[in-house]
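> Sequence:
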Amino acid sequence: MWVFFPMTFHRLTMKHSICPSAAGLLLVAWTCLSGFMVVSGAAAETPPILTPHFVRDVRPILSNRCFKCHGPDEEHREAGLRFDQRESATSALDSGLRAIVPAHPDDSQLIARITSTDPDLVMPPPSTMTTLSVEEKNTLAAWIAAGAEYQPHWAFVKPLRPAIPTVQQTDWPKNEIDQFILARLEKENLAPSPAADKAALCRRVHLDLIGLPPTPAQLDAFLADTAVDAYEKLVDALLASPRYGERWARRWLDLARYADTNGYEKDRERTIWMYRDWVIRAINDGMPLDQFTTRQLAGDLLPNATTDDIIATGFHRNTMINEEGGIDPLEFRYLAMVDRVGTTATAWLGLTVGCAQCHTHKFDPIMHSDYFSFMALLNNIDEPEWIIPSVERSKQIAETREKIEHLWQSMPDKWPLPVPQPALDTDSTADPTAAAISATAKRSVAVAARFDEWNRQESSRAVHWQIVSPTAMVSNAPHLVCRTDGSILASGDTTKSDVYTLTLPPSDQPMRALRLEVLPDESLPGGGPGLCWYEGEKGDFFLSELEVSTAASGGAAGQRVAIVKATESFAQENNRAAAAVDGNMSSGWSTNGAMGRAHAATFQFAEPVAPGTPLSITMRFERYFACSLGCFRWSVSEATDVEARGHTADEEAILAAPVAARCAAQQQSILRRFLATAPELADSYKQIRQLEDGLHHGLSSLVLRERPVDNPRTTHRHHRGEYLQPKEEVPAAVPAFLPPLATGVPANRLALAHWLVSADNPLTARVTANRQWQAFFGRGIVTSLDDFGYQSAPPSHPELLDWLATELLRMQWSTKSLHRLMVTSATYQQASSVSPALVARDRENVLLARGPRARLEAEVIRDSLLQAAGLLSTKMYGPGVRPPQPVGVTEVVYGSAKWTASTGEDRYRRSVYTFQKRTAPFAMTTTFDGPTGESCLPKREVSNSPLQALTLLNDPMFVEVAQALSRAAIATGGDDASRLREIARRVLSRAFNADETKALTAFVKLQRERLTAGDLDAVKLAGEGQGDPLERATWMLVARAVMNLDEAVVKR
83 MWVFFPMTFH RLTMKHSICP SAAGLLLVAW TCLSGFMVVS GAAAETPPIL
133 TPHFVRDVRP ILSNRCFKCH GPDEEHREAG LRFDQRESAT SALDSGLRAI
183 VPAHPDDSQL IARITSTDPD LVMPPPSTMT TLSVEEKNTL AAWIAAGAEY
233 QPHWAFVKPL RPAIPTVQQT DWPKNEIDQF ILARLEKENL APSPAADKAA
283 LCRRVHLDLI GLPPTPAQLD AFLADTAVDA YEKLVDALLA SPRYGERWAR
333 RWLDLARYAD TNGYEKDRER TIWMYRDWVI RAINDGMPLD QFTTRQLAGD
383 LLPNATTDDI IATGFHRNTM INEEGGIDPL EFRYLAMVDR VGTTATAWLG
433 LTVGCAQCHT HKFDPIMHSD YFSFMALLNN IDEPEWIIPS VERSKQIAET
483 REKIEHLWQS MPDKWPLPVP QPALDTDSTA DPTAAAISAT AKRSVAVAAR
533 FDEWNRQESS RAVHWQIVSP TAMVSNAPHL VCRTDGSILA SGDTTKSDVY
583 TLTLPPSDQP MRALRLEVLP DESLPGGGPG LCWYEGEKGD FFLSELEVST
633 AASGGAAGQR VAIVKATESF AQENNRAAAA VDGNMSSGWS TNGAMGRAHA
683 ATFQFAEPVA PGTPLSITMR FERYFACSLG CFRWSVSEAT DVEARGHTAD
733 EEAILAAPVA ARCAAQQQSI LRRFLATAPE LADSYKQIRQ LEDGLHHGLS
783 SLVLRERPVD NPRTTHRHHR GEYLQPKEEV PAAVPAFLPP LATGVPANRL
833 ALAHWLVSAD NPLTARVTAN RQWQAFFGRG IVTSLDDFGY QSAPPSHPEL
883 LDWLATELLR MQWSTKSLHR LMVTSATYQQ ASSVSPALVA RDRENVLLAR
933 GPRARLEAEV IRDSLLQAAG LLSTKMYGPG VRPPQPVGVT EVVYGSAKWT
983 ASTGEDRYRR SVYTFQKRTA PFAMTTTFDG PTGESCLPKR EVSNSPLQAL
1033 TLLNDPMFVE VAQALSRAAI ATGGDDASRL REIARRVLSR AFNADETKAL
1083 TAFVKLQRER LTAGDLDAVK LAGEGQGDPL ERATWMLVAR AVMNLDEAVV
1133 KR
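For my numbering, count along the sequence shown from 1 and bump the result up by 82.
Keep in mind that the hints were calculated from the coordinates and are not lab data. Beta carbons: idealized from backbone N, C-alpha and C, even for Gly. Incorrect hints may appear among the rest.
Distance condition first, Cα-Cα at most 27 Å in a straight line; then the derived DSSO-like pairs of lysine-lysine [claimed, not checked]: (1) Lys256 with Lys315; (2) Lys768 with Lys524; (3) Lys620 with Lys809; (4) Lys256 with Lys150; (5) Lys150 with Lys578; (6) Lys578 with Lys348; (7) Lys256 with Lys280; (8) Lys485 with Lys768; (9) Lys620 with Lys485.
Restraint-style ranges between C-beta atoms, simulated for each label pair [what the hints assert, rightly or not]: (10) Val1132 with Ala1076: 18 to 26 Å; (11) Glu160 with Lys256: 48 to 56 Å; (12) Ala322 with Gly407: 48 to 56 Å; (13) Asp1099 with Thr982: 24 to 32 Å; (14) Lys256 with Ser1060: 50 to 58 Å; (15) Pro324 with Glu258: 24 to 32 Å; (16) Asp1099 with Tyr976: 33 to 41 Å.
Using the sequences and the accompanying hints, generate a full structural model.
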């Protein structure tokens, strides 16, 4: 009789989506034609074995061993064969043979190849350094013998709500979670551990829900509460605490790759902390995940979007910004989009969509084109720095305008008195009121006389400028819009070599000069007039070259118009308007140093342009940073000698008209223009300018904004994912193997957000529930938090995962309710102690026969010890703070940025508020495996390093913590035992036992002796405080030792 090599199959526990084949049990026996089978020496009965299940047993083998060359990736597919699709795998190849012949493994080339000893035939090829084990070969053969049925991947099928399993130990479960866990334990002949003691449970749930241990008073209150629902009341109080949002926001910010700097080499500061604060508020408010998702991906697209909705879009402004010289901004914008695609897929779908950037995914059914269609859903955006509108800002603007108006009205009163003033100096007994009136009168006379003189002079030089609106505008990148006043507003993308080409309509008079007004606008960085946002000064521009020609007409080329004179109302010495017409692209006109204000430049033609001739104007902006104009306006004149004097077009027109023809408002406008230019009032006008400049600045945050309807962004497939190889345009869509977007609505970010949290989406609820589970239990039901695809680890409790996913939907996406469900389960409340037998059986606690035990995150360690020492500030929100850290951490990166430690309570704020610099993250956080903010981080690695102990011993912040704990221990007024108890209860949430107390009492004695002998510097160790420094130093050393206990940094 012919039989298989020995193999083992496990009975399947899933009840849907990957249920066993109808073939049931198979008695495997057939004649071996391929040499795979071995011959039994005598007849023997073959025991029945379970049919291998495709999803659980077979697909992992095909995915790991075969998909690379015979999977979804069409570019690297060999022999036209796909094992990810049954139709391809069972179809005839060019040779006429078939890789898989269902029910006939002996006729299947797959079996022949994997069992071949011929290096030219065997699969996988020897060059891959990969071979199949005997068990894997047997599994494939048994599966083919059973009919080679394919089933969809469990994660790609909408979760169905499974039945709650029955259990024997009916008095143990506290909720449905326990039913699933206990059913598995009983199947494995295991029993759950006893409940954790109340003190340990109190500490565990405090650390998990709010990221802080209980204070001694909180612990005592819980221990004293003998009510049946004491624990549930504690859980509800923690969920309602503002500390809950701070703790869980930090976990989300890992996914959001939040940081306070731009990244890359220069890594300059950015303002986006309002997004971080929004996350904290949203979590504290219990915002459901569907709303949490929609606001972050598309808050600006919601009807009647609020300020908070727009701030929430900062989620996808957490991408890095490259400010290095010589880079192409659009290339790094593309790389930011690559990051947005990968982050969205990781955070919500748990898929490695990023693997399809360069080619079709080698394992999952994500096509190369799917990747860019997914990008198209996110790509139609501009990325402004948005000044936050608020009642406070509106009030501040109104108050500022009032101050400005008051200064204008009082400016004539600040005119210097004429000299000499004999009438005021001869009689010291004169009436002061009369003297004041006389001074006012003299000032009025002086102002009027100077104004008349100025007015005559400026009017004689006034030029009539005709504002012209372009009939055509073309730009390589920025979107140009002409407004009703003739001004042109640029928005959208910029490059370091932008070109604007405009056609000006013909004039009925000869054109001899052009005027370019550069105008401020609130939509522009720093108020404009330029689009410069990073690298250079906000609002700057650099007009490298201006070219003027007559417009081409009737096939005839236009003629270049020579410019013989260029002037400007403002410029730095080396950046004058003349440099914009010198033919040198490295020089040009800029108003750097006076952003947020209107300026002008004039250009005189060598020869007049005949009436009826349209003009073509080419404006080139080239610099080592993006520096295009954001708001500007063109005027033409027939004047022969023009000069930029800073007057607006309206002011020039008023000056050119007779004084008698001016209305009161026009006269007031011209008077103020005079006062602004008068040298005598320069200091007064400076105050006005400073206030006006402030109107363009305010509290801002980085946000997303949908592009205008008339300027949508197209998305192209990029060959091999290369920015420089765009190919065909792709439609906005989700991967084809998943349910489609809703119909009848635009395919944009809002549609994507709604799709992600649709009940039909098979992934989001599972991924979210799994991530929350991992946070509490230290291990996900699916261990690969970021990969639910074919390469994912199988779920340890598949029915439980699907139940949690459907329960999350039933809870209307309330993660806070899900957290309550998890921590009130008996599974969570088990003791975490473990026996050698249980370690041998389930070292990783996959079956959850004991409670969770895990090293605390960096932020929780720091915050917990600050609270233990009584130092932690509860102040919430605001810009990032800089706690003390070792000297030199930030100085080694670009710019040698100094880290000036915050003072007052900001020194001891929660870690979620710590300023996050990407190239030099906070040292303590890095040491304990914290994020850098450079990429989406679904799960932190956990390392053990001597540096961690050294940090807790020597970091300036933890030295302060130990000193504060010393003072608190001494303040109890008790003996050494009382002081040890105080430190233990603060740091460990329990008292020391007898053995620990004995050991630490000896340690106290030893430290006193060392300090008394002068081996250690007591004054330095004690720090600030009252009382004997030797005693304070002793207890500082004790506190530092306790802080370094494993228990101090571990949840148990």
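> Does each hint fit the structure? Answer for all of them.
Okay, the hints, checked on the actual structure:
{"no.": "1", "hint": "Lys256 with Lys315", "in the structure": "holds, 15 Å"}
{"no.": "2", "hint": "Lys768 with Lys524", "in the structure": "holds, 24 Å"}
{"no.": "3", "hint": "Lys620 with Lys809", "in the structure": "violated, 34 Å"}
{"no.": "4", "hint": "Lys256 with Lys150", "in the structure": "violated, 46 Å"}
{"no.": "5", "hint": "Lys150 with Lys578", "in the structure": "violated, 41 Å"}
{"no.": "6", "hint": "Lys578 with Lys348", "in the structure": "holds, 18 Å"}
{"no.": "7", "hint": "Lys256 with Lys280", "in the structure": "holds, 16 Å"}
{"no.": "8", "hint": "Lys485 with Lys768", "in the structure": "holds, 13 Å"}
{"no.": "9", "hint": "Lys620 with Lys485", "in the structure": "holds, 25 Å"}
{"no.": "10", "hint": "Val1132 with Ala1076: 18 to 26 Å", "in the structure": "holds, 22 Å"}
{"no.": "11", "hint": "Glu160 with Lys256: 48 to 56 Å", "in the structure": "holds, 54 Å"}
{"no.": "12", "hint": "Ala322 with Gly407: 48 to 56 Å", "in the structure": "holds, 51 Å"}
{"no.": "13", "hint": "Asp1099 with Thr982: 24 to 32 Å", "in the structure": "holds, 26 Å"}
{"no.": "14", "hint": "Lys256 with Ser1060: 50 to 58 Å", "in the structure": "violated, 38 Å"}
{"no.": "15", "hint": "Pro324 with Glu258: 24 to 32 Å", "in the structure": "holds, 30 Å"}
{"no.": "16", "hint": "Asp1099 with Tyr976: 33 to 41 Å", "in the structure": "holds, 37 Å"}
Comparing the model with each earlier hint shows violations of hints 3, 4, 5, 14; every other hint is respected.
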